[in-house]
Amino acid sequence: MSLSLKVAELIKMLPDAQLSGHLVLKEFTGIANLRDARSGDLSFLGNAKYKGQVKDSQASILLLPNDYEGKPKDEQLFFRIKDPSWALAKICESLERKLSPSVAPGIHETAFVEESAQIDSSATIGAFTYVGANSSVGSNCKVSTHCHIGAGTSVGESSILHPGVKLLTRCVVGKRVILNAGVVVGSDGYGFDQSEGMHHKIPHLGKVLIEDDVEIGANTCLDRARFEETKIGKGTKVDNLVQIGHNVKIGKNCLIVAQVGISGSVEMEDEVIVGGQAGFAGHLTVGKGAKIAGQAGITKDVEPGAFLKGNPALPFHLAQRISVLQRKLPDLFNRFAQEKTKD
Amino acid sequence: MSLSLKVAELIKMLPDAQLSGHLVLKEFTGIANLRDARSGDLSFLGNAKYKGQVKDSQASILLLPNDYEGKPKDEQLFFRIKDPSWALAKICESLERKLSPSVAPGIHETAFVEESAQIDSSATIGAFTYVGANSSVGSNCKVSTHCHIGAGTSVGESSILHPGVKLLTRCVVGKRVILNAGVVVGSDGYGFDQSEGMHHKIPHLGKVLIEDDVEIGANTCLDRARFEETKIGKGTKVDNLVQIGHNVKIGKNCLIVAQVGISGSVEMEDEVIVGGQAGFAGHLTVGKGAKIAGQAGITKDVEPGAFLKGNPALPFHLAQRISVLQRKLPDLFNRFAQEKTKD
Amino acid sequence: MSLSLKVAELIKMLPDAQLSGHLVLKEFTGIANLRDARSGDLSFLGNAKYKGQVKDSQASILLLPNDYEGKPKDEQLFFRIKDPSWALAKICESLERKLSPSVAPGIHETAFVEESAQIDSSATIGAFTYVGANSSVGSNCKVSTHCHIGAGTSVGESSILHPGVKLLTRCVVGKRVILNAGVVVGSDGYGFDQSEGMHHKIPHLGKVLIEDDVEIGANTCLDRARFEETKIGKGTKVDNLVQIGHNVKIGKNCLIVAQVGISGSVEMEDEVIVGGQAGFAGHLTVGKGAKIAGQAGITKDVEPGAFLKGNPALPFHLAQRISVLQRKLPDLFNRFAQEKTKD
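Protein chains in written order, with my numbering: chain A, 1 to 343; chain B, 1 to 343; chain C, 1 to 343.
Please keep in mind that the hints were generated in silico from the structure rather than gathered at the bench. Heads up, the beta-carbon is just placed ideally off N, CA and C, and yes, glycines get one too. Errors might be hidden in some of the hints.
To be verified - Which residues of chain B face chain A? A partial, calculated answer using Cβ under 10 Å:
1) Ile31
2) Asn33
3) Asp36
4) Ser39
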């Protein structure tokens with residue numbers, strides 16, 4: 001990959017930045033963290049705890065917070081700015097546009113669009129994508145290859161569907177939503193009635209509703225509700241290979257890391273953070289702002305703001321304390337045996 | 001989603017039901033549980049523990065067991081029937097047929113079917129689906145878009161393949177099987193021989209056999225056997241994102257919840273229930289009717305009827321008891337330290 | 001499946017083998033392990049611990065190590081050879097070629113290849129596969145159906161892409177790599193900046209680099225790096241449904257079993273073995289040759305050669321010991337209570 005951006009463009013892009021230092025170089029050609037950066041690279045201080053690494057960094061260009069006190073070395077340029085991480089994101093977006101030139105709007109010659117589907121003229125529909133009856137794709141959407149947009153499903157403006165996304169029937173996707181490759185939206189919920197020792201499928205007539213600004217990771221599955229809707233709230237970001245069961249309601253601005261499993265009818269309030277591979281039993285409520293450690297097993301309601309760990313899940317500090325004591329169990333059993341001998 | 005069904009149709013659909021109450025309304029327009037139902041909705045008492053919610057339910061139509069003793073309110077209709085859940089399922093199936101009008105049989109113009117493949121004339125083959133040589137698709141099958149049916153693979157009558165299902169070569173799928181979106185059947189088993197520090201692939205010549213009435217969840221993977229077959233028994237229901245290794249044999253009417261991992265050569269007898277994210281080491285036998293809690297780690301054979309939890313897995317009640325005692329470890333260590341001081 | 005190979009072919013295939021015994025049969029028609037094999041089957045002693053099963057095996061043909069001392073029964077043929085497992089693999093490869101006759105090279109009539117893509121004339125491109133601009137596919141590659149090869153991505157010679165593999169833009173796949181069905185390579189990393197309570201996407205400009213002789217399991221996801229590359233080292237084998245985060249570096253000849261989750265920026269050295277469903281927190285180093293038990297939760301750096309288990313992970317033998325003692329906790333609490341009573 002060849003990243004490159006002219007210093008002059010950078011200055012234009014960050015009009016509020018205070019510059020110091022000198023640079024013969026007229027462009028930077030890579031981005032790296034402080035430690036790995038070499039001459040020609042741009043680097044940045046995004047987290048105050050790495051402040052000590054700035055003075056040894058070989059980067060040619062450094063994005064630093066306004067209160068950083070050091071001085072640039074020879075052939076080094078400092079950009080002091082309010083939020084270096086944010087500035088970096090802007091630069092990256094610009095580079096991304098260069099690296100992946102935008103595809104012209106329109107429907108690929110190999111795509112198949114049912115007559116009653118409504119596709120905005122500014123949207124892109126990729127090769128081998130199928131768009132079902134009575135569905136709609138909003139303005140500036142980018143639908144890649146091998147996608148399936150089921151009958152009656154709508155995709156809001158500026159959303160992105162990566163290759164092989166499957167949106168089944170009657171689902172609703174908001175604006176600026178990103179669905180990574182292989183995502184399945186609207187698979188049947190896992191619900192069966194038992195009679196005479198056999199499991200009979202319960203039809204799932206509901207839908208999945210994905211609100212604006214959500215991102216869903218690769219190969220993640222979202223089951224449709226039995227009657228109403230499975231819902232992912234505005235601004236929530238779900239990682240890869242996550243399972244979200246039928247009738248689950250997830251609030252706004254949650255973070256759900258890879259391989260988490262959320263059973264049917266869980267209600268998660270806003271701003272919850274869930275570590276990788278954690279699992280939730282069905283029909284629970286998880287309060288606002290709760291944090292769940294990776295691999296935790298949640299089998300009861302979670303209070304707002306709680307921080308839980310382990311299976312069964314305990315308050316984080318108690319779980320940590322018990323972990324430490326467990327390591328001392330061999331010693332405790334030994335000492336107890338000695339006490340007995342003394343008796 | 002607009003659900004609606006005329007009361008007259010409902011009466012015809014449930015000829016054994018005993019009606020009581022009056023309703024001006026001529027159709028219901030939604031389905032909801034007892035608590036959430038509003039006027040115009042149909043609701044149901046599927047589980048006796050919710051009996052108390054019937055009298056406060058705002059539903060216009062209620063499906064109730066024969067022995068329910070209360071009376072309908074004004075503008076409320078009771079249908080007393082042997083099994084309300086079953087009745088509901090029938091109603092839902094009927095609604096589902098209305099919501100998703102059946103696609104006409106036939107091969108989509110964009111599909112590609114090898115000459116030697118045999119497709120029943122009542123089957124549907126969706127857009128961009130590939131059907132390989134010497135394969136067969138039975139009567140009334142519904143194969144959606146972007147599916148791959150490998151060479152020599154057969155799909156029994158009335159089976160449903162959702163979008164993007166991949167059936168690799170020489171596999172056998174029974175009748176009335178449902179494969180959700182993104183399912184992979186017949187991927188190579190994870191088996192390597194080591195020599196000189198390198199891992200050499202072991203060819204997997206076997207197949208996957210899926211018996212009748214099985215359902216497999218979205219993005220679940222079933223590896224083919226080394227020589228013989230990986231088998232999923234009749235009536236077993238597997239949830240999303242499950243991993244089933246090579247040579248695994250799963251019995252009849254098992255329930256395997258999302259993200260479970262079953263290593264190679266595990267033999268699971270009939271009617272086993274496995275909670276989400278549980279894992280099984282290779283070459284184990286799991287006895288008939290065993291229950292495995294979510295996130296359990298099974299590393300030894302499991303007796304028929306056993307109920308295990310945790311990793312290492314223990315009988316459920318012992319595991320619960322130990323969990324409680326672990327929470328008391330800080331106290332035990334404190335008290336033990338005090339005893340020592342007394343000495 | 002009908003496996004069959006003539007005895008004469010077998011003798012030609014294994015010129016170093018020492019034969020003993022007699023067989024009227026002119027070909028074998030199945031392969032099975034020692035215990036399951038019946039007359040007409042070939043079997044093998046791959047692991048010395050099954051030596052005792054040879055004398056009771058009903059197999060017609062047996063592959064045995066040079067030092068095996070028993071004698072063939074009537075109608076049984078022994079092939080003594082240095083490495084029976086290796087011999088078996090060779091035989092299986094030969095059978096595999098028969099079972100799945102190689103597809104003729106060339107681009108399927110339904111595939112879509114951008115003009116600037118370079119496809120070697122000996123490569124096969126399957127039905128409905130999309131090959132993007134400025135990408136390349138090397139000699140003897142077999143790309144199956146419904147694959148996506150993104151712009152600027154290269155695939156080295158003799159690699160195999162099973163159905164529905166998605167290689168996003170600017171990735172690099174080495175030689176003799178096998179990507180099983182549904183693999184996603186190059187999805188966006190899970191990285192967000194927070195500001196004003198919202199999560200803002202961090203662009204991921206890097207790539208994924210898969211070195212030679214790697215195999216990746218079905219529906220596994222590999223996220224692209226933020227700037228540089230996510231890397232899978234030569235000869236490493238990754239199982240199904242694994243999550244590999246952005247900027248992860250995995251060494252050579254590692255084994256990573258199904259459903260493992262590896263968070264961003266983990267560095268794993270060579271020859272690491274990771275059991276199923278284990279999870280790694282971000283930014284860790286895992287030393288050469290370390291072994292991680294299934295379902296372990298790794299939150300700290302791992303020493304080379306360490307063998308860890310549990311969450312929090314402990315040295316394997318300590319973890320085992322603690323598991324045993326935990327089962328004795330009810331007894332310990334009882335005894336402690338009795339001591340107190342005595343006081």
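Hint status (Cβ of B/Ile31 to nearest Cβ of chain A, threshold 10 Å): OK, holds: B/Ile31 within 10 Å of chain A, min 5 Å.
Interface hint for B/Asp36, Cβ within 10 Å of any Cβ on chain A: holds (8 Å)
Status of the hint placing B/Ser39 at chain A (closest C-beta pair under 10 Å): Constraint on B/Ser39 not satisfied, violated at 16 Å.
Satisfaction of the B/Asn33 interface hint, Cβ to chain A closer than 10 Å: holds (8 Å)
The structure fails hint 4 only (numbered hints given earlier).
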